[in-house]
Structures are given as C-alpha cells and as structure tokens.
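S.K.: So the protein lines, in turn, are chains S and X. According to the numbering used here, the stretch in the first sequence is residues 1 to 440, in order. According to the numbering used here, the stretch in the second sequence is residues 1 to 336, in order.
Rather than coming from a laboratory, the hints here were simulated on the basis of the structure. Treat the numbers as computed from the prediction; the structure is a model and nothing was measured. A portion of the hints provided could be inaccurate.
[Stated by the list, open to error] Now the in silico label distances, taken between C-beta atoms and shown as ranges:
no., chain 1, residue 1, chain 2, residue 2, range
1, S, P386, X, R150, 51 to 61 Å
2, S, T189, X, K286, 25 to 35 Å
3, S, R231, X, L146, 51 to 61 Å
4, S, P145, X, L146, 20 to 30 Å
5, S, E302, X, D203, 22 to 32 Å
6, X, P212, S, T189, 52 to 62 Å
7, X, E213, S, E302, 27 to 37 Å
8, S, W281, X, Q106, 51 to 61 Å
Backbone N, C-alpha and C define an ideal beta-carbon position, used for all residues, glycine too.
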Amino acid sequence: MSDSVKTSLLFLFVGVLILLEGTTNVLFFSGSWNSALVILNMGLVSAIMALGVNLQWGFAGLFNVGIMGFVALGGLAVVLVSSAPTPGAWTQGGVGIIMALAMGAMSLIAAIAIWRLLEPGKLRTVAMVAVLGVGFFIYRAIFDPSVAGVEAIDPALAGNLGGLGLPVLLAWPAGGLLAAGAAWLIGKTALGLRSDYLAIATLGIAEIIIAVMKNEDWLSRGVKNVIGLPRPMPYEVDLQNDPAFVEQAAGYGLDPILASTLYVKLGYSLMFTIVLLVLLWMAQMALKSPWGRMMRAIRDNEVAAEAMGKNVTKRHLQIFILGSAICGIAGAMMTTLDSQLTPGTYNPLRFTFLIWVMVIVGGSGNNFGSVLGGLLIWFLWIKVEPMGLLLLETVTAGLADGSALKLHLLESASHMRLLTMGLILLLVLRFSPRGLLPEK
Amino acid sequence: MDILNALVAFTNFVGVPAIAYGSQLALGALGVTLVYSVLRFSNFAHGDTMAFGTMITILVTWLFQSWGLSAGPLPTALLALPFGILATMALALVTDRTVYRFYRTQKAKPVVFVMVSLGVMFMMNGLVRFIIGPGDQRFSDGERFLISAREFKAMTGLREGLAIKTTQGITVITAVIVVAILFWFLNKTRTGKSMRAYSDNEDLALLSGINPERVVMYTWLIVATLATIAGVLYGLDKSFKPFTYFQLLLPIFAAAIVGGLGSPVGAIAGGFIIAFSEVTVTYAWKKVLTYIVPEALKPEGLVQLLSTDYKFAVSFTILVIVLLFKPTGLFKGKAV
C-alpha cells in the first residue's frame with residue numbers, strides 16, 4: 001500500500017466516523033448533525049494546534065509543553081481586538097496601566113543592560129538588584145491605582161479595558177502575533193536549555209499566562225469571563241427571523257431552527273477548513289524547502305549542523321515562534337467559535353498534553369499525520385465518554401441495580417478519557433513510535 | 001515587645017507554613033531527583049504518583065475510621081500510610097515492568113522517556129479520578145493544633161498568636177526521619193552504594209557486577225515511598241485534589257532543578273528555597289510591618305508583593321534565574 005493511499009484511507013476513515021455521528025445513533029454515535037459538526041469544528045482547531053506543535057517537535061525536535069499558554073493568548077487576542085471598548089476605561093486608568101507596563105519593561109531592560117555592560121562583581125549585582133527593586137515599586141505605584149480605576153467601571157458587566165472593536169476575523173492573525181511575541185520572549189531565555197529543562201520551562205510559562213489571565217481583571221475580566229464576543233457568523237435567532245432563510249430551509253425540507261444551527265456551524269467549518277488548508281500548504285512547502293531540510297538536519301544532529309555553519313539557536317528560535325504563532329491562531333479561532341473567553345477552563349491536560357497525543361499518534365514530522373491525529377484524537381476524546389459508559393454498562397450488567405459499586409462505576413465513566421488517552425499514547429509509543437503516518 | 005510581636009506574626013504566617021510546605025516539596029523533589037539520577041529522565045508522572053499513593057491512603061483511612069480505629073491525637077492517615085506506600089510500590093513496579101523497561105533495554109533517548117512518562121501521567125491521573133473522583137477530599141482527623149493561637153497568647157501575653165497545626169508538626173518530623181533514613185541508606189548500605197555507583201557511571205557499575213534491574217527496582221520502591229509520604233503529608237496539611245497534585249509538579253521540578261537535578265541534598269535545599277520564596281512573596285506584610293515601622297510610615301495597603309495566585313510565577317522565576325546563571329543548580333547536579 002503506497003503512502004498516499006494509506007493517507008487517503010485514514011482520512012476517509014475519520015470522515016466516515018463523522019458522517020456516522022451525523023446519521024446513525026447506534027452504539028456511541030448520537031445521530032445528530034449538530035453534534036457531528038461540533039466535533040468537526042473543534043477537530044479542525046485541534047488539527048491546527050497539532051500542526052503548530054509538529055512544526056516545533058517534528059521539524060526541529062523542540063519539546064514544548066506550554067501549548068496551553070499560546071492557545072490562551074490567542075483567545076486573549078480576540079478580546080483585545082474585537083470586543084467593544086469599555087467607555088471611559090482609557091481615561092480612568094488605561095493609560096496608567098500602559099505606562100506602568102512600559103516602566104516595568106524599562107527597568108527589566110535596564111537591569112539586563114547593567115548585567116551586560118558592567119564588569120562582573122559585587123557592584124554589578126547590587127546595581128542590578130537595586131534597579132529591579134526600585135523599578136518594581138514604581139511599577140506598582142503607577143499600576144495599582146490605574147487598575148483600580150479601570151476595574152471600578154461597571155464591574156458587573158465590564159471592569160476591563162475592552163478591545164478595539166475591530167472585525168473578529170482580524171483577531172486570528174492578531175492571536176498569532178501575540179503568541180509569537182510571547183514565544184520570542186520565552187525562546188530568548190529558555191531555548192538554550194536542555195530538552196527536559198525546556199519542557200519544564202514551557203510548562204511553567206503556560207501556567208503563568210493562565211494565572212495572569214485569571215487574575216488581571218482589567219485585561220480579560222479574569223474568572224468573570226468575557227462573554228458575547230462578536231461572531232463572524234450571524235446569530236441563529238436572526239436567521240430564524242429572516243423570511244428568506246426560512247423559505248430556503250423549507251426548500252431543503254429542514255425546519256428553521258435546525259437549519260439555522262447547521263448553517264452557522266457549517267460556516268465555521270468552512271472557515272476553519274480554509275485556515276487549516278492554507279497552514280497545511282505552508283507547512284508542506286516549508287518541509288520540502290531547503291529551510292525544512294536544514295531544520296531536520298539540525299534536529300537529527302545539532303553538532304554536525306552547527307559545524308556546517310548553521311546557526312542552531314537562531315533557527316530554533318525561529319521555528320519556536322512560528323509553531324507558537326500557529327497555536328495562537330488556533331486559540332483565537334477556538335475563542336471565536338465559543339464567542340467567549342473563560343480563562344478558568346484552560347487545563348494543561350486538555351490543551352497541552354492532548355495535543356501532544358495528537359501529534360505522536362498522527363506521526364511526528366508528518367504534517368498530514370498531525371492533521372489526521374488532531375481530527376481522530378479529538379473524535380475519540382469526545383466519544384470515549386459514551387464508549388466508556390457503554391463498556392461499563394456491559395460490565396456492570398450482572399450487578400444489581402442501585403448497588404453502590406455500579407453507581408460509582410457508571411458515574412466515573414467520564415474519567416475514562418484520561419485513562420484511554422494515556423493508554424493510546426503508550427501503545428503508539430511502544431508499538432508504532434513513528435505514528436499512523438510516519439515521516440518520509 | 002513590638003519586635004517580638006512582629007517576629008511571632010512572621011513565624012506564624014510565613015515561617016511555620018513555609019517549613020511545612022518546604023518539607024513536602026523536598027520529599028517530592030527527592031523522588032524526582034532519584035528517578036533522574038538513576039533512570040535518567042524527568043518523571044512527569046511524579047505528581048500523579050503522589051496522588052495515587054495519597055488516594056490509597058485516604059481509602060484505607062476511611063476503612064479504618066469505619067472500623068472505629070484511630071491513632072488518638074494523631075491523624076488516622078498515619079496508620080493507613082504503610083498500605084498506601086505498598087500499593088504505590090506495586091504500581092511503580094508494574095509501570096516499570098510494562099512501560100519503562102522496554103525503553104531502557106532499547107537505550108531510548110531521555111526525551112522519549114519524558115513522553116512515555118506523559119502517557120503514564122495521563123493513565124495515573126485517569127485512574128485516580130476514576131476511583132476517587134476529581135473533587136476535594138479532607139481526611140485529616142485527630143487533634144487539630146499542637147499550639148493554638150489563643151493558648152500561645154495566654155502563655156506569653158503577646159498580642160500576636162502563634163498556631164502550629166498538628167499536621168505541620170507531623171510533616172516536619174516525618175520529613176526529618178525519612179530524609180535521615182534515606183541518606184543512611186544511600187551512604188551506608190550496599191544497595192544504596194550500588195545505586196549511587198550506577199547513577200555516577202552506568203558502565204562502570206555494570207563492570208563491577210551491579211545488577212541494573214535490581215538498582216532500578218530499589219529506586220522505584222524508594223521513589224514510591226517518598227511520593228506517597230509527600231502526597232499524604234501535603235493532603236493532611238491542605239487537602240487532596242487530583243488536579244492540585246498534578247500542578248504540584250511545577251514547584252517540585254523547580255525545587256529539584258534549583259538544587260541541582262540528581263543531587264539529594266540539592267532537592268531538600270531547593271524545596272525550602274521554593275517554599276520560602278512562594279510564601280514570602282505572596283504574603284501580605286502589613287501585619288508584620290505595623291509592628292516594626294514607626295507610626296508615620298504605616299503602610300496603607302496590604303504590602304503584598306504579588307497575589308497568591310502567582311505562586312507558580314515565583315517558583316518559576318527562581319527556576320529561570322538559576323537556569324540562566326547556574327545551569328547545574330546550586331548543588332552540582334548532573335546533566336544528561
């Protein structure tokens with residue numbers, strides 16, 4: 001079986017799974033087109049994230065376990081770009097906040113400059129610590145009252161700076177840029193580290209990004225969540241009230257409510273597919289280009305690549321930024337799909353490690369593999385719960401109804417997810433370490 | 001008098017909690033460091049190993065409580081602890097046989113081990129949630145305080161009270177005993193010496209007739225013990241929640257790396273450094289400052305450097321600083 005046949009067959013398999021989800025309700029399928037499209041949409045977003053991780057891991061061998069942070073930054077970009085500005089927020093403290101942040105950045109830069117320029121010795125350490133200390137207190141002195149000012153504005157509904165009120169689609173590239181900026185900062189400090197140090201460093205940074213988003217209410221309303229973000233698709237209710245749409249739906253023999261929900265979801269699927277295809281095409285081109293060959297050469301033997309005159313650190317930084325930017329775009333798309341930002345829901349198991357399972361299962365180093373892994377693993381992630389319930393119902397069929405053990409087992413079915421994902425990851429790593437679609 | 005009050009307030013809100021938390025982190029970091037030095041990878045499943053051991057201990061505690069068995073003023077969980085340790089040992093050995101051994105014989109790269117440990121982490125996390133659920137469990141019973149704030153105030157006549165929870169006392173005492181036994185084991189016994197030899201130079205150890213499988217087995221047994229004890233102590237002191245244990249991974253790694261991965265002394269020092277910095281940076285200093293600064297300079301705000309939700313940021317910043325300026329950690333660790 002040639003590679004392309006295998007690839008097509010596997011993609012066909014995922015397609016059939018999603019079609020079955022829409023058409024039949026035997027076993028664990030639900031038989032609802034809405035549910036099929038929901039799975040497909042998040043699957044597409046996950047595939048994009050997996051593509052970004054594959055760029056870092058598959059191309060360059062960088063072990064990034066901070067994907068969640070970049071995804072969350074993409075979500076933040078949606079709020080900053082597309083939500084309506086809060087009236088008065090800028091005059092009541094917004095400017096102060098920006099000034100304070102600039103102040104903080106300046107003291108950091110000054111500290112780095114001192115470190116670079118002065119001779120090593122006690123003087124240098126003291127000067128650096130003094131600059132950082134004084135900088136921190138000035139920063140807090142400007143920052144705190146400004147934040148209080150912003151957060152005092154209509155705290156029940158706003159209390160944050162709000163956004164620029166631009167079209168939401170602009171937020172997607174903006175999410176990529178924001179994530180890229182963060183990746184640059186992180187890469188500058190952490191990329192020189194050994195592989196497992198880099199892993200721990202990125203893990204920590206992701207947690208910090210989430211902590212910032214949960215706590216800085218002026219930025220993203222924290223755990224109060226930002227809801228009702230603008231959508232690129234019309235609202236279902238508006239469609240149902242539009243006579244032309246109702247008539248058209250009737251033409252297909254659909255009732256207007258179902259038709260409107262499907263229309264909106266299909267619209268998202270279409271947009272996400274376009275983004276995915278563009279990114280996939282770019283990743284394929286990059287892989288085939290001399291640049292991609294150089295990346296793989298660096299991955300396979302850093303010392304040799306360096307001896308050939310390749311700047312390993314720079315190339316690593318480059319690809320780290322690119323991969324993170326893709327995750328940021330995916331994060332912005334996801335927040336757009338939900339039309340809300342809920343910092344409390346970002347969980348590393350779901351947003352970092354699950355993506356890793358996708359990349360490994362799909363086949364690291366193969367872009368099609370990542371896309372396949374993204375779609376397939378997402379489908380499983382959703383469906384393991386009903387599968388587990390089915391399994392446990394069969395297992396506990398012999399037990400008396402209402403027995404404590406049976407109840408407990410059935411209640412715990414939802415936790416089968418993590419167990420299954422771990423098992424899949426271990427099995428793939430053991431028996432097929434190159435994944436479903438191995439790198440060529 | 002004011003100085004004394006400030007000192008007591010400081011000990012009460014910073015000193016005691018940080019020592020207890022530091023001991024728990026140190027025990028966790030010792031486990032990470034041992035896996036790193038003998039098996040040569042960063043074990044991402046360590047937090048979930050702790051969670052598993054604690055879960056078994058909690059289940060046995062509940063069983064004992066239902067039998068009416070108790071340890072008097074001490075928490076029942078201490079009686080249940082050996083069972084938790086045994087179960088975790090079994091789990092660690094089974095995991096090693098079924099998962100890690102294959103890669104060890106293949107001499108896989110460290111990063112492959114890390115990936116595999118991610119898979120193990122998922123499975124253990126799922127297992128724990130499956131058995132006990134994702135919710136919060138409190139299982140501390142017995143006497144709540146060694147000294148309560150009121151008793152302390154009555155005793156000394158100071159305005160500030162000093163409260164020491166029983167669990168904090170137990171944590172420190174247990175940690176001291178465990179660490180003493182561990183160091184005795186590593187330095188004095190044959191097995192401990194062979195472990196250190198294997199960690200220093202694998203080939204040389206093989207040549208001198210050390211059986212690597214035995215060394216690995218003992219390492220897992222010790223790691224399981226340390227993880228369970230650390231987990232139970234943390235759970236007694238605060239509460240048990242699977243996700244919190246997973247998140248403990250970050251300060252534990254930070255402690256191990258700051259001290260120098262592979263160095264047991266470093267792991268302990270790292271644990272206390274991380275714990276003290278987390279607590280001091282996120283503590284609101286107002287109370288202490290009001291006693292020592294003159295009336296005119298009294299602080300208006302809480303004088304909290306960072307909000308408590310940023311405690312991860314603290315351990316992480318220390319981690320980055322150490323990695324940038326002293327990549328092998330404070331006590332020379334080793335690099336694979």
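S.K.: Looking back at the hints listed earlier, which ones does the structure fail to meet?
M.R.: 4, 6, 8
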